[in-house]
Amino acid sequence: MRNLIYLLVLLVPCSVFAKQPLAQSRVHEYMLDNGLKLLVKEDHRAPVVVSQVWYKVGSSYEHDGITGISHVLEHMMFKGTDKVKPGDFSKLIKEQGGRDNAFTGRDYTAYFQILEKSRLPISLELEADRMRNLTLPPEEFTKEVEVVKEERRMRTEDDPRALTYEQFNAVAYTNNPYKHPIIGWMNDLDNLNVDDLRKWYTHWYAPNNATIVIAGDVEPHTVYEQVKKYFGQIPKSDVPTLKPRIEADQIGPRRVTVRAPAQVPYIMLGYKVPVLRTAKEEWEPYALEMLASVLSASRSSRFSKVLVREKQIATDADSGYSMDSLHNEMLLVDATPAPGKSVAEVEQALREQLDRLKTEKVSEEELTRIKAQVIANDVYQKDSVFYQAMSIGMLETVGVGWQKADEYLDKIRAVTAEQVQQVANKYLLDDSLVVAVLEPQSDAKRPQHNPAITIPPGH
Amino acid sequence: MLKNNKTILIFLFVIIAAVIYALSGEKTADQSDITEQGLTIQSWTGKEGNKVFYVPAPQLPMVDVRVVFDAGSARDGDKAGLASMTNLLLDHGAGDWNTDQIVERFDEVGAQFSTAALRDMAVLNLRTLTDAAWLKQSLDTLRTILQTPRFDEKELQREQQRVLVALRNQQESPSDIAELNFYEAVYSKQPYAIPPLGTKESVEAFTRDDVVNFYKQYYVARNAIVVIVGAVDRMQAEAMAEDLMAGLDGGQVAEALPEVQELTDATTIKNQHPSTQTHIWVGQPGITRTDPDYLPLYVGNHILGGSGFGSRVVTQIREDRGLAYSSYTYFSPMRRKGPFIMGLQTKNAQAEQALDVLMQTVKQFIADGPTDEEIVSAKNNITGGFALNLDSNKDITEYVAMIGFYGLPLDYLKTFNDRVNAVTREQIDDAFKRRVHPDKMVTVMVGDFDAKK
Chain A
1010 MRNLIYLLVL LVPCSVFAKQ PLAQSRVHEY MLDNGLKLLV KEDHRAPVVV SQVWYKVGSS
1070 YEHDGITGIS HVLEHMMFKG TDKVKPGDFS KLIKEQGGRD NAFTGRDYTA YFQILEKSRL
1130 PISLELEADR MRNLTLPPEE FTKEVEVVKE ERRMRTEDDP RALTYEQFNA VAYTNNPYKH
1190 PIIGWMNDLD NLNVDDLRKW YTHWYAPNNA TIVIAGDVEP HTVYEQVKKY FGQIPKSDVP
1250 TLKPRIEADQ IGPRRVTVRA PAQVPYIMLG YKVPVLRTAK EEWEPYALEM LASVLSASRS
1310 SRFSKVLVRE KQIATDADSG YSMDSLHNEM LLVDATPAPG KSVAEVEQAL REQLDRLKTE
1370 KVSEEELTRI KAQVIANDVY QKDSVFYQAM SIGMLETVGV GWQKADEYLD KIRAVTAEQV
1430 QQVANKYLLD DSLVVAVLEP QSDAKRPQHN PAITIPPGH
Chain B
228 MLKNNKTILI FLFVIIAAVI YALSGEKTAD QSDITEQGLT IQSWTGKEGN KVFYVPAPQL
288 PMVDVRVVFD AGSARDGDKA GLASMTNLLL DHGAGDWNTD QIVERFDEVG AQFSTAALRD
348 MAVLNLRTLT DAAWLKQSLD TLRTILQTPR FDEKELQREQ QRVLVALRNQ QESPSDIAEL
408 NFYEAVYSKQ PYAIPPLGTK ESVEAFTRDD VVNFYKQYYV ARNAIVVIVG AVDRMQAEAM
468 AEDLMAGLDG GQVAEALPEV QELTDATTIK NQHPSTQTHI WVGQPGITRT DPDYLPLYVG
528 NHILGGSGFG SRVVTQIRED RGLAYSSYTY FSPMRRKGPF IMGLQTKNAQ AEQALDVLMQ
588 TVKQFIADGP TDEEIVSAKN NITGGFALNL DSNKDITEYV AMIGFYGLPL DYLKTFNDRV
648 NAVTREQIDD AFKRRVHPDK MVTVMVGDFD AKK
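As they're listed, the protein sequences go chains A and B. No gaps in the numbering here: position 411 of the first sequence is 1420 in our numbering, and each next residue is one more. No gaps in the numbering here: position 317 of the second sequence is 544 in our numbering, and each next residue is one more.
Just so you know, these hints were derived from the structure itself, not from any lab. Note that the structure is predicted; figures quoted are calculated from it, not measured.
In silico DSSO-like cross-links for lysine-lysine, where the CA-CA straight-line distance does not exceed 30 Å:
no. : chain 1 : residue 1 : chain 2 : residue 2
1   : A       : K1238     : A       : K1046
2   : B       : K590      : A       : K1094
3   : B       : K443      : B       : K427
4   : A       : K1320     : B       : K427
5   : B       : K363      : A       : K1420
6   : B       : K306      : A       : K1350
7   : B       : K274      : B       : K621
8   : B       : K278      : B       : K306
9   : A       : K1435     : A       : K1367
10  : B       : K427      : A       : K1314
11  : B       : K427      : A       : K1350
12  : B       : K606      : A       : K1092
Residues of chain A clear of chain B, computed beta-carbon distances all greater than 10 Å:
no. : residue
13  : A1179
14  : N1200
15  : Q1259
16  : Q1357
17  : G1410
From the three backbone atoms N, C-alpha and C, an ideal C-beta is built for every residue, glycine too.
Please model the entire structure based on the sequences and the hints provided.
Below is the structure:
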């Protein structure tokens, strides 16, 4: 379920509840002369506005040696411009009762503020300023790159499953940039410098490489005038053309073992599949999404029902697929063995479930159930203004266009059992399989249940 | 799960934000069409003795129903994890339906159902569309789960195995270990010390009778509140709540938990773990939900380390020194005194230095108090963000459940900004001096102390 929700969260479709007035809210699109795109989505339930600036840059734009640079730059975007001192960006937003943050993905870097609606101009002024006027002070960089390394230690180094996922990607891809972690390899972070960042910033941070998404209790044309006021003067620049870097064909299964201090084994399987932007057959990504949902959209799905409850071979099993990536993706499956079951047995059981998708058609009952969830999620997602903005920002930034959000519901509802079987047979191939296994290492220094030492206060 | 936390790196304080806004829970706001002053909560007592809290939200064709029992892990007694096991088994077979049928009944109508057991609360959450037939199927299923759970032996056995794996998984995570060690040390032998998931020994020992008895004692109407937020009118809400509670025993309100004992000495716990970072948790018993010092401590903590960038701890630890990605302080108010927690994680070699900076920062804050400028900023942030915190039905449900469960006044949110604005520098200074004692705190460090990097 978590996967499905995650996927759907990124794809807010139009509502089937057309009688509901709110469902009529649509996206207003504007383009400034300097190439900056503006998308406005009204939601008048609360006097709040969400403002997001999306840049077409992320870890998949990076090359060997500078991995993680997009994310480090995202951190440095809070470290001052000619007008705003380091750290003051967030203080100024806080002073207005707002919240702000940012996130970096493989295919995008985005900055956002959430504010009481009348305060939108403050956020626009600050974002326009840091689109071009970042100072990148070396002394701030020196500290901040250490913060990022701590972040990497926290998220990856000390999390055995995250380490496994990182190794999985490193083995799954050969020449495609998805092989690199978003946060970057530690050695690349060690060797990054402020000049690298300056170049990266100059290349990618331009109005013609950005999309602004404003959602909430706003009037579209007024927002357009405000955005024009603050961003309209920023000149267009020459943004580099991204090389396609299409992944070389995989010509046999790949396996990687991760030995890390862990307690519980874990397995991940993946197959390379197309996404909205790359699919030759437009229906295929939707069929793949349906396929992943049949496996693990919720607790009534096959993994939970058969593997967790009936056979009790796994304590958890999940699948995931994101159709809104820039490059071809992986259809992922992961599981935790139940006590007494080996990783090999779990792999066997997972693959039996995948094979079943190839040989048997999915039942109408299962399809109907998933479609009901999709219809309902479409309504639930409207409860979050932030995610409404996020879904259109992401689709726009990966180049498929925000309009895909409106098509989602109909396309998913159109998926047939035959199509699910077709994509299973076409893509779940042994030759393009990637497997990663976490082998827990019983370490002499393994964690203890009870506190080890009690010493007198040292401070 | 596979990808949520890996394809996106949320830059600043995911953890802090969750902590500030979910645990300390000081979100206040209104929905524009409800009233400009704040959320109007309607409340009544059902025939079975349960309280009901209702907020109409007609804009989206959906409704959130949350049922909360005073049946969290603080009620486990000597069977750690029993509250959690009982809560999670509720939907594993009930009435005429087995687990498969129950989950299918929810999924067929696109309903989202989940349960959770925290230290104070045991929660059942339902989010469903208001289409009449779909709503009925969701509510019928929820009612059956609430009123006639089966607690089949084989379901118990399987879930025991799954919890045992989850417990081992916790032992992979230095922050999970630190949290468990922290609660155990701060609340030694008291209800909040109990690990909510239990221990290997306690979970293995559960019998069906344990679960059934726990259910019978605590899942009773007088020990419950029902929260309804969504596109249903008052009459529908009354009927829904009545229907959910009608088949439950009236029972009794759970007996009062004992008062929390204050710490008398400082304790440091070092727990060896093969990680690259040391996770540090420092703290003590803090405040109750209805604590008279709540607001001064809340506003003060906002300045100390409760609001990310610009707060003193984040400035000292992260912005000035680059020592940690996440650093924070917060009060987690509960029925009895929930903890005051300060935390960070840093590479092993820097652990002592970071701890030192953290302690110096809190000591100085207590000694000098906040500046007038800091107080103005904090109040601007808290009150200026009034509208942000209740801008979704999800948030409203969360707040109303908190208000209902802890018996806070129904106008709590409406008056919140005024009460924040009334907090003085002297009150903050006084409350921190009286209530926060760095010389009597528990310090937990989980990391690799042999690392020489």
